[in-house]
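Spelled out, the chains give:
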Amino acid sequence: MAILARTEAEVVAAVQWARAHKRNVEIAGARTKRHMTYSRYQGPVLDLSRLAGIVEYQPEEMILTVRPGTKVAEIEACLAEHDQQLGFDPPDWGPLLGAPASSGTIGGAVAADVCGPGAVRYGRVRDHLLGFRAVNGYGEAYKGGGKVVKNVTGFDLPKLMCGSFGRFGPLTELTLRVFPKPPRQASLAVHGLEDGEGLRLLRLIHSSPLGATGLAFARGTAWFRFDGTDAALREKLDTARALLSDHEVSDGDDAVFRDIGNGTALDAGARDVWRIHAPPAAAPRIVSALAPARWVADWAGALLWLATDEADAEAMRAAVAREGGRMNLMRAMGKAYLHVRRLHPSPPELAALEKAVKAAFDPLGLFGSMGF
Amino acid sequence: MLMPETDASIVARRDDIVARLKALVPDGVVSDRAGLKAFDGDALTAYRQSPLVCVLPRTKEEVAAVLKFASEEGVPIVPRGAGTSLSGGALPLADAILIGLSRMNRILDIDLENRAVTVEPGVTNLAITRAVEGKGFYYAPDPSSQIACTIGGNIAENSGGLHCLKYGLTTNNLLSATLVTITGETVRLDSGGGYDLLGVVAGSEGLLGVVVEAVVRILPLPPVTRTLMAAFSSVPDAGRCVAEVIAGGIVPAAMEFMDRRCIEAVEAYCAPGYPKGAEGVLIIDADGIKSEVDEAIARIATIARGCGAEVREAVDEAERARIWAGRKSAFPAMGRLAPDMLCMDGTIPRRMLPRVLARMAEMADEYGLGFCNVFHAGDGNLHPLIIFDVMKEGELERAEAFGADILRLCVEVGGVLTGEHGVGVEKRDLMPEMFSDADLAQQQRLKCAFDAAGLLNPGKVFPTLSACVEQGHMHVKGGRVPYPNLPRF
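Going down the list, the sequences are from chains H and F. Numbered by my numbering, the letters in the first sequence go through residues 1 to 372 in order. Numbered by my numbering, the letters in the second sequence go through residues 1 to 489 in order.
No wet-lab data here; the hints were simulated from the structure. Just so you know, not all the hints are guaranteed correct.
Computed list of lysine-lysine pairs in DSS-like fashion (alpha-carbon distance at most 27 Å, straight line) [said to hold, decoys possible]: (1) H/Lys355 with F/Lys68; (2) H/Lys181 with F/Lys290; (3) H/Lys355 with H/Lys22.
Work out the full structure, taking the sequences as your base and the hints as a guide.
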């Protein structure tokens, strides 16, 4: 069963219905990320794909307000007409998750924290969502944050919505900051590297003032991406080549960064896919401890993509936690599908706090994506 | 000023509370009247209140013990960093323990490989940069009070600064924080997946817990910084220049505006050499690699001249420092013109600058009060400074009413009440201007999730008292109790 909501009022009505009938609802946009969760209980779907469209876009303010069902691709096309773009470099996880390409919605991108290689420079989704409207588990429409770039009025609820997977309720409107599109970008590559050295080179460039917009390592090659005007780009590439002069540096391939963000560079086959957030210098130790079938480092090593054959999730997560990281299961193919929690479990005190925060928005547990 | 009604039963137990705190923090309890005088407020100077007692822990274990004690005994807690809040965030209460974090001032770890510095909450903002600049790094958020304000306070207020246009607020430069909850539990928060509690603790104004340790991100120092000063013969021209720079896709490191009155005050205060006779100046920094900075400066200068400005560039590092010292002195410089001052903090959409500036000038005439405009133009964050004399009959009330009208105007044009100073007590009663009952109720439910008994920093941020009900879920009680005698500001 699906409830197709076209307006915020209809979302309110749907939640009030769910509340009255104590029914768990599955919040969905284009359903491209369904594979990140699982559902034993086939509850009704609250479909937000028609709650779509750009509400307000003032290019000179660099602020965009949209409804959650708007396709990310449509937003990008609209921004591009004004030489602007979303700052968090949203990738397309559709194909990795068995969904059609270019079909994901902005609501889904925010709820699942979908950000790409450029986030190393311009920040994650949390750094871009300025405000929102949503419906909570009481069936009340409310707003959080604001529509200006600098705001500390009240609690920063927008942060909480990013990566929440809809567990605080359906979002009905999103206000994002946008960025000027750089005139040009270019990348460099160093091939034939040992893991430790490749990861070190990412951190080396990350610690330089070049403002790289991509710092990734995959199968022996370190990739570096920069943007700017012709003159700026030339200076950045020259400086980077000088910093990397112990190695042979070749021209890179911008398309590589698209594949890295989309997760397809991992070449995971039918394996489980994980994403690890950890301090970048821990990456070599994590990779050697976990010995995954395949892995790719992004964000100078602060984000690791792993593909594993059936492996002991608890042991892997314990090893990652010892390095100060978290290991989240992004796509479960085998036994993990039913048996492994998608997000790295929090320690007991934090878990208790998280539960209380969830209850503050959704006391009846109406919005309970399974698998978390 | 009326804060929540003082609980006489807590005040009556004061001797016992002092004795119990001395057992928990043997060398860190201030309880004598003279000693407490030093802790009776923050930089919102119009309001003063001596705390019940002040405790100055040195370790996170001591913080946890104090909060656990307060929770068990039902005694409110007011956290304090350096006491530089401009919104009264650290204003004490007569029946609350003031917990000062200033003695927890050690830098615990400098991790250049991960571009991260681990600090205790009492470390000052500037101390982080001082500790890493020799290695080519710095901590980006730079509130004007950075020589004094602490990182714990910065996290509580989500502080910005002159350069947050390009580098973000505290929350965008925070990698993790260790929080002690009101029940004395210690939790480490990060944003590696799961709920982003780190994001919501930043800017929570001491209402959710006490940060006892933080890991902040440091950035490589930009190799080149150039500074332009553009002098305008009309304020709207300056506003137009700001809008054109932003719309042109240029992201300056900082873009600050000062009006004539402010320029004159600053010149009299520290003589930074600002252009004479201008109605307004913009101070603009571009930083980064050389070619990028050169291009940005050239484009900005062209735009500014197109808007009628006389443009001058700082010739050397000494002049740059002088120009910025002048900007950072705007607050004390204006403070010399009158005994009292209110510093407002609304943010507006940048295209609204000319309209809002014009309306504010009209309002100043209507209220018959002196004021000047100094603001972070790049992100539309206004800091009108209203000067007055609290000893003159009715001036405080007029100043507060003027300030409130400015903030209402900000909300009316699509902006917000506070861009970086926080709500505190100062803007508490204006919250309904921006948020509906449902909006505020949801924020208060979040507060209840962290602090069901409402012991952390009561009387701040929210205009109405509410009770958290425990029955399986929490909600804000219908029968709200407004503070009856509160001034509307």
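Are the Cα atoms of H/Lys355 and H/Lys22 separated by 27 Å or less? holds (19 Å)
Take the C-alpha atoms of H/Lys355 and F/Lys68, compute the straight-line distance between them, and say whether it is at most 27 Å. holds (21 Å)
Please work out if H/Lys181 and F/Lys290 have their alpha carbons no farther apart than 27 Å. Holds. H/Lys181 to F/Lys290 sits at ~20 Å (cutoff 27 Å).
Checked against the numbered hints above, the structure violates none of them.
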